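So the protein lines, in turn, are chains Y and Z.
Heads up: the first sequence begins at 1 in UniProt numbering, then just goes up one per residue.
Heads up: the second sequence begins at 1 in UniProt numbering, then just goes up one per residue.
No lab work stands behind these hints: they were computed from the structure.
These numbers come from a predicted model, not from an experiment.
Glycine residues also receive a C-beta, built at the ideal position from the N, C-alpha and C atoms.
Incorrect hints may appear among the rest.
Counterexamples of contact, computed for chain Z against chain Y with all Cβ distances above 10 Å [to be verified]:
1) Lys64
2) Ile82
3) Gly84
4) Glu98
5) Ile106
One side only, chain Z facing chain Y, incomplete, derived with CB under 7 Å [stated by the list, open to error]:
6) Pro70
7) Gly83
8) Asp86
9) Ile87
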Amino acid sequence: MAMSAQEIERTIRSAIPDAQITVTDLAGDGDHYACEVVSEQFRGLPRVRQHKMVYDAFGGRMGTELHALSVQTRTP
Amino acid sequence: MSEDIFKTIQGMIDAHPVMLFMKGEKNAPQCGFSARVVQILTHLDVPFDTCNVLSNPELRQGIKDFSQWPTIPQLYVKGEFIGGCDIVTDMYQNGELEALLAEKGITKKA
C-alpha cells in the first residue's frame with residue numbers, strides 16, 4: 001500500500017503545524033519520496049532529533065505503508 | 001522483543017568504534033541507502049564494521065526499537081547514534097562527519 005504526496009504532507013503537518021513542506025515523488029511510483037521540512041521547531045535540535053520529529057508523525061506506517069522517505073530538515 | 005537482542009546490539013556498538021547496521025554486506029549492499037553510507041565511510045577511509053540486518057529478522061526489528069528510529073541503515077560512532085542515510089549524507093557534504101570522526105578519535109586507515 002502506498003501513500004500519496006498529499007497524505008505525506010498532511011501527516012507531517014499534523015505533527016509540525018508551522019512547517020513548510022515540500023514532497024517530491026522520486027520514482028513516480030508513489031512509493032519513494034523525498035521531503036524537505038522547514039520549521040522553527042527544529043531550531044537548536046540535533047539533526048537526529050529533527051528527523052525523528054518527522055518520522056514520529058508517521059508512527060508505525062514508516063517502513064510499512066511508506067517504503068522510502070528521504071528527509072531533509074532545516075530552520076527558516 | 002527479547003532483551004537478548006538489545007544486548008547483542010549493545011555489544012556490537014561497544015566493540016566497534018564505527019558500526020553500521022545495514023541491508024546487505026559491506027561489499028554487497030542490498031539497498032541504495034545502505035550502499036550510499038558504505039560509500040561515504042569508504043571514501044573517508046576510516047575503519048568501520050557492518051552488520052547485515054537482513055540476516056536476522058529479530059535484529060532487523062531490534063535495531064529499530066533499540067535506536068527508536070524506523071529506518072535502516074543506522075550509523076553508530078563510539079556508541080552514539082548518528083543517524084540514517086540522509087543525515088550521514090548531509091553531514092558528509094558539509095564536512096560535519098569528518099569533524100565528528102576526528103573529534104571521536106577515529107583516524108584514517110594507516
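Now the hints, each set against the structure:
no.	hint	verdict
1	Lys64	violated (8 Å)
2	Ile82	violated (7 Å)
3	Gly84	violated (7 Å)
4	Glu98	holds (16 Å)
5	Ile106	holds (18 Å)
6	Pro70	holds (4 Å)
7	Gly83	holds (5 Å)
8	Asp86	holds (5 Å)
9	Ile87	holds (5 Å)
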